[in-house]
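J.: Chain by chain, the residues:
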Amino acid sequence: MAAKVITIESNILKKNDSIAGENRELFRKYRILAVNLLSSPGSGKTSLLVRTCGVLKKKLRVSVSVGDLQTAADAERIAGAGVPVVQINTGTACHLDANMVQQSLKSLPLEQTDILFIENVGNLVCPATFDVGEQLKVVLLSVAEGEEKPLKYPPIFQNADCVCINKTDLLPHVDFNLNQCRDNLKRICPHAPVFEFSCRTGEGLGAWHDWLLGKWSALAGVEC
Amino acid sequence: MHELSIIQSMIPQIEEFLVQGNYKKVNKILLEVGVMSGVVQDALEFAYDICVKGTAIEGSELSIRMVPVTASCEKCFLKFEVQDYSYACPQCNGTDLKLLTGNELTIKEIEVEET
Numbered sequence: 001m002a003a004k005v006i007t008i009e010s011n012i013l014k015k016n017d018s019i020a021g022e023n024r025e026l027f028r029k030y031r032i033l034a035v036n037l038l039s040s041p042g043s044g045k046t047s048l049l050v051r052t053c054g055v056l057k058k059k060l061r062v063s064v065s066v067g068d069l070q071t072a073a074d075a076e077r078i079a080g081a082g083v084p085v086v087q088i089n090t091g092t093a094c095h096l097d098a099n100m101v102q103q104s105l106k107s108l109p110l111e112q113t114d115i116l117f118i119e120n121v122g123n124l125v126c127p128a129t130f131d132v133g134e135q136l137k138v139v140l141l142s143v144a145e146g147e148e149k150p151l152k153y154p155p156i157f158q159n160a161d162c163v164c165i166n167k168t169d170l171l172p173h174v175d176f177n178l179n180q181c182r183d184n185l186k187r188i189c190p191h192a193p194v195f196e197f198s199c200r201t202g203e204g205l206g207a208w209h210d211w212l213l214g215k216w217s218a219l220a221g222v223e224c
Numbered sequence: 001m002h003e004l005s006i007i008q009s010m011i012p013q014i015e016e017f018l019v020q021g022n023y024k025k026v027n028k029i030l031l032e033v034g035v036m037s038g039v040v041q042d043a044l045e046f047a048y049d050i051c052v053k054g055t056a057i058e059g060s061e062l063s064i065r066m067v068p069v070t071a072s073c074e075k076c077f078l079k080f081e082v083q084d085y086s087y088a089c090p091q092c093n094g095t096d097l098k099l100l101t102g103n104e105l106t107i108k109e110i111e112v113e114e115t
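Order-wise, the sequence lines are chains A and B. Just so you know, we're using my numbering here: the first sequence kicks off at 1 and counts up by one. Just so you know, we're using my numbering here: the second sequence kicks off at 1 and counts up by one.
Note that these hints are calculated values from the structure, not bench results. Heads up, a few of these hints could be off.
[Claimed, not checked] Below, a sample of chain A positions facing chain B; criterion: calculated Cβ distance under 8 Å:
id, residue
1, Lys-4
2, Glu-9
3, Ile-12
4, Asn-16
5, Ser-18
6, Arg-24
7, Asn-179
8, Cys-189
9, Val-194
[As the list claims (entries may be wrong)] In the BS3-like style, the derived pairs of lysine-lysine whose C-alpha atoms are separated by at most 30 Å in a straight line are:
id, chain 1, residue 1, chain 2, residue 2
10, A, Lys-4, A, Lys-152
11, A, Lys-152, B, Lys-25
12, A, Lys-58, B, Lys-98
13, B, Lys-108, A, Lys-4
14, A, Lys-152, B, Lys-98
15, A, Lys-14, A, Lys-57
16, A, Lys-14, B, Lys-28
17, A, Lys-4, B, Lys-53
18, A, Lys-59, A, Lys-106
19, A, Lys-29, B, Lys-75
20, A, Lys-4, B, Lys-28
21, A, Lys-14, B, Lys-53
22, B, Lys-75, A, Lys-15
23, A, Lys-215, A, Lys-29
24, B, Lys-75, B, Lys-53
25, A, Lys-15, A, Lys-4
26, B, Lys-24, A, Lys-14
27, A, Lys-58, A, Lys-29
28, A, Lys-59, B, Lys-28
29, B, Lys-24, A, Lys-186
30, A, Lys-4, B, Lys-25
31, B, Lys-25, A, Lys-186
32, A, Lys-29, B, Lys-53
33, A, Lys-186, B, Lys-28
34, B, Lys-98, A, Lys-215
35, B, Lys-25, A, Lys-57
36, B, Lys-53, A, Lys-186
37, B, Lys-24, A, Lys-4
38, B, Lys-108, A, Lys-106
39, B, Lys-25, A, Lys-15
40, A, Lys-215, B, Lys-75
If you're wondering where the values come from, they're calculated on a predicted model, not measured in any experiment. Glycine is no exception: its CB is placed at the ideal position from the N, C-alpha and C atoms.
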């Protein structure tokens, strides 16, 4: 019996990435801007979507696919904003993968969608590894966390297309160092615009909405 | 603990390779893992120990080679290793970078026994 070494050079996640490619093609076909929203649990992903869907739906057709381990609580909240939403329950999985997203798309009106938000499972580690076919990765953190978050979780922030800092209304009450956080983000993801707002009061959300509308216009080739 | 999903994705790929090449067994598996891939080496090894039981690759040895983050500057074209997660060119301080390595999750090579 002879042993031999064989070079394979095979992407471990090629199956996921292949399905992500199919999703991307679907988004391209229907001219959908797909936004993957990532954060720790409790940073305000669902609150942000409720606010954002309420505003954007006046100009664009918005759909949402939302991932959690259990319950349909988030989908019910987002449905209150009056947009189509589908809940993905991952069971025990700590992230959404491309297949879960693909399955969820079957329950959404893709032909009547301009922007699709994919609310990932609350986790700053695992979702960073899995491409789901999105065009944009948005990472959210809140001032109730810590300004060092970008340094503690570099992979997810490094790949962000934009970073949102939520709960700014709490700044007078917490020790969060906003300037330090901005510096940390500049170090990890100097390319990413940073939006600071409060989903509770609505202050600062305008720039985030304008950025999304700009991204959709660039994709669709039309003004909105 | 997404390392479990990653190992579960790896196993059928190697099993398929063994069947296609009509190899008897695999002795060693070498993975290349980028330090920015979001994967922890210890967790990967732990998941591997659990997942290979009862599969065609049980008894093989897993090696993991970590790949550093390297980038090239789009302004001055310097190629460099990103140190301490500082994504700026050490020569011109430019931040328009092209990432060259650091996100790998690759089965690099395997050592097999031929029948």
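J.: Can you list which hints this structure breaks, lowest number first?
T.: Failing hints, ascending: 5, 6, 7, 9, 10, 11, 12, 15, 19, 22, 24, 28, 29, 31, 32, 33, 35, 36, 38.
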